Amino acid sequence: MNFHMLVLISLLFQFLDINIGGIDIMPDFVGFIIVAYAFSKIKVRYAALGMYCSVILSISSFVEIFQEKTHTTSFYGAVDLWLQILFIVIGLVDILHLACIFYVSNKIVKIESSVFPTLFISAQILVQLFTSFGMHLPFDVLEGLTISMLILFFFFYMYFIVFLWKRKNIEKKMYEEMQAESH
Amino acid sequence: VKKLFVILAVVGLIRVGSVLYYETKLLDEPIIIANEVNLDMNSIHLSYITNLMQPSEFQSIEIDGMQYYPQNDSFMFYDSQQPIQTESYANYTYYSIFSPTIWLQMDDTTNHLTTATEGTVYFKDGHKETITLNVRQRRELTQLDQIMSSGGTDGSSGRYRVVEPFTLNDVTVVEDKVELVSFQINQVEVPLPVETPIQLSPSDTIDIATTNGMARFDGEWRTIELSGLDKQGNELIIPLINSLNDRPSAEWVDEIVKERGNK
Chain A
1 MNFHMLVLIS LLFQFLDINI GGIDIMPDFV GFIIVAYAFS KIKVRYAALG
51 MYCSVILSIS SFVEIFQEKT HTTSFYGAVD LWLQILFIVI GLVDILHLAC
101 IFYVSNKIVK IESSVFPTLF ISAQILVQLF TSFGMHLPFD VLEGLTISML
151 ILFFFFYMYF IVFLWKRKNI EKKMYEEMQA ESH
Chain B
1001 VKKLFVILAV VGLIRVGSVL YYETKLLDEP IIIANEVNLD MNSIHLSYIT
1051 NLMQPSEFQS IEIDGMQYYP QNDSFMFYDS QQPIQTESYA NYTYYSIFSP
1101 TIWLQMDDTT NHLTTATEGT VYFKDGHKET ITLNVRQRRE LTQLDQIMSS
1151 GGTDGSSGRY RVVEPFTLND VTVVEDKVEL VSFQINQVEV PLPVETPIQL
1201 SPSDTIDIAT TNGMARFDGE WRTIELSGLD KQGNELIIPL INSLNDRPSA
1251 EWVDEIVKER GNK
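Sequence lines, in order, name chains A and B. Under our numbering, the first residue of the first sequence carries the number 1, and numbering increases by one thereafter. Under our numbering, the first residue of the second sequence carries the number 1001, and numbering increases by one thereafter.
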């Protein structure tokens, strides 16, 4: 299975929450382990960094499963100060992780013309900044902005899936061509 | 990616700074802003400001050694152990107002409350506070019959028909919760304050219109008192109530927090 396909599968784990008997059978941390595995197979610059980020995200989403059960998170995230700072760091690692996926992807398919990675990462950074300022806005204003942001991000992620799907096909084609050449 | 490292470091610093600033706004303890034992409605109302994030949860109120716990306010859940109003009454940037209601089931319980003066409020986080109770006694409207009543964000109005004759000496707005916009007898505006006592006879009508006022808890009333003499010449106070519909403003909440928060 190629790199892009593994990233696509990991997205399924991140987005789908199928609960059976109160247990999520598609936990996010499994998705991050899959990406870590995908990175480990690639020998390009920042693949190792991407793998470390995946491992950190995997651990944090595993811990979060128990966090939710103890209700220590709220609309704004963690309640305790140290947990809030930890979540901020994890949010930044998530962006770095995404940047590594795009970097490695570009190296694999040898395409660097797409503006989507820059747009998507910029949007992620803006969300981080929005969270910083948004938490000081009146609750009803924040609620409205959050809903708009969620809608915007829905489309971003939809396109991200399409983007990965296209690149998965390019990677597959390249692999097949390489196989044919070697024969 | 190197450039991204720098950007993320700056974003991280901004976020941590923002969280630290938010922390300075948090309350150590909830601030109780209103209470009422409403014997007309067989209910106890409480209202408090707490943090929007991780709000303090009301547990019970102890009055004269008796604990009163909130219940679900729907008759469908009569006597059930449903969790109370988990939703806040109003939300602001850093704070929320919660206004739990305790519905009293038995008259003997409410009778016991007619003379209550103090209560101790318990929160689930262990915080407790003794408060002076505001008891709204049962009203007996023998002189007037309420024909119409309306309340909204524009104000409230009510029409009453006189059933028993009485003499009207004065009209007052209790606690200045609202302003009296109009006071009419038989649809003729009466200038206030009343200069000479007005004799009211059966079938006379009284119309009252007021501005809207701030309700610190769900179901807070404003009262207009008509004072005068009954047909036997005894002193008489007739309380006319209507609902208040404005939620406290963010400025009002901030002012309360500034005065009473984190002492």
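Calculated directly from the structure, the hints in this document are not laboratory data. Treat the hints loosely; a few may be bogus.
Computed Cβ-Cβ distance ranges for the label pairs, DEER-style [said to hold, decoys possible]:
(1) Thr1211(B) to Leu12(A): 26 to 34 Å
(2) Phe133(A) to His1127(B): 50 to 58 Å
(3) Lys41(A) to Tyr1122(B): 22 to 30 Å
(4) Ala180(A) to Ala1009(B): 44 to 52 Å
(5) Glu1129(B) to Leu83(A): 26 to 34 Å
(6) Met26(A) to Gly1126(B): 50 to 58 Å
(7) Val1010(B) to Ile111(A): 46 to 54 Å
Here are a few chain A residues that sit away from chain B, every Cβ distance over 10 Å (derived from the structure) [to be verified]:
(8) Met1
(9) Lys43
(10) Leu49
(11) Ile95
(12) Tyr103
(13) Ile111
(14) Leu119
(15) His136
(16) Phe139
(17) Asp140
(18) Leu152
(19) Phe163
(20) Lys168
(21) Ile170
(22) Met178
(23) Ser182
Taking beta-carbon pairs under 10 Å as the criterion, some of the chain B residues facing chain A (in silico) [as the list claims (entries may be wrong)]:
(24) Val1019
(25) Leu1052
(26) Gly1233
(27) Gly1261
Nothing here was measured: the structure is a model prediction, and the numbers come from that model. Glycine included, each C-beta is placed from N, C-alpha and C at the ideal position.
Exercise. At a threshold of 10 Å, is the proposed contact between glycine 1233(B) and chain A supported by beta-carbon distances?
Worked result: Not OK, violated: glycine 1233(B) not within 10 Å of chain A, min 55 Å.
Problem set entry | Reported absence of phenylalanine 139(A) from the contact zone with chain B (all CB gaps over 10 Å) | Violated, since 4 Å does not exceed 10 Å.
For this session: Could you check that no beta carbon of chain B comes within 10 Å of the beta carbon of methionine 1(A)?
Result: holds, 25 Å
Exercise. Does 26 to 34 Å hold as the CB distance between glutamate 1129(B) and leucine 83(A), or does it fail?
Worked result: holds, 28 Å
For this session: Using the beta carbons of valine 1010(B) and isoleucine 111(A), state whether their distance is inside 46 to 54 Å or not.
Result: Since valine 1010(B) and isoleucine 111(A) have Cβ atoms about 29 Å apart, the given range 46 to 54 Å is violated.
For this session: Check the non-interface label on tyrosine 103(A): least C-beta distance to chain B beyond 10 Å or not.
Result: violated, 6 Å
Problem set entry | Interface restraint verdict for glycine 1261(B) against chain A (beta-carbon cut-off 10 Å) | This interface hint is violated because 17 Å lies over the 10 Å limit.
Problem set entry | Whether leucine 49(A) stays farther than 10 Å from all C-beta atoms of chain B, as the label says | violated, 8 Å
Exercise. Does the Cβ distance between phenylalanine 133(A) and histidine 1127(B) fall inside 50 to 58 Å?
Worked result: violated, 31 Å
For this session: Kindly confirm whether 22 to 30 Å is satisfied by the beta carbon distance between lysine 41(A) and tyrosine 1122(B).
Result: violated, 59 Å
For this session: Could you say whether the range 50 to 58 Å given as a hint is met by the Cβ separation of methionine 26(A) and glycine 1126(B)?
Result: violated, 39 Å
Exercise. Range hint 26 to 34 Å: satisfied by the CB atoms of threonine 1211(B) and leucine 12(A)?
Worked result: violated, 57 Å
Going down the numbered hints, you'll see the structure goes against 1, 2, 3, 6, 7, 10, 11, 12, 15, 16, 17, 26 and 27, while the others check out.
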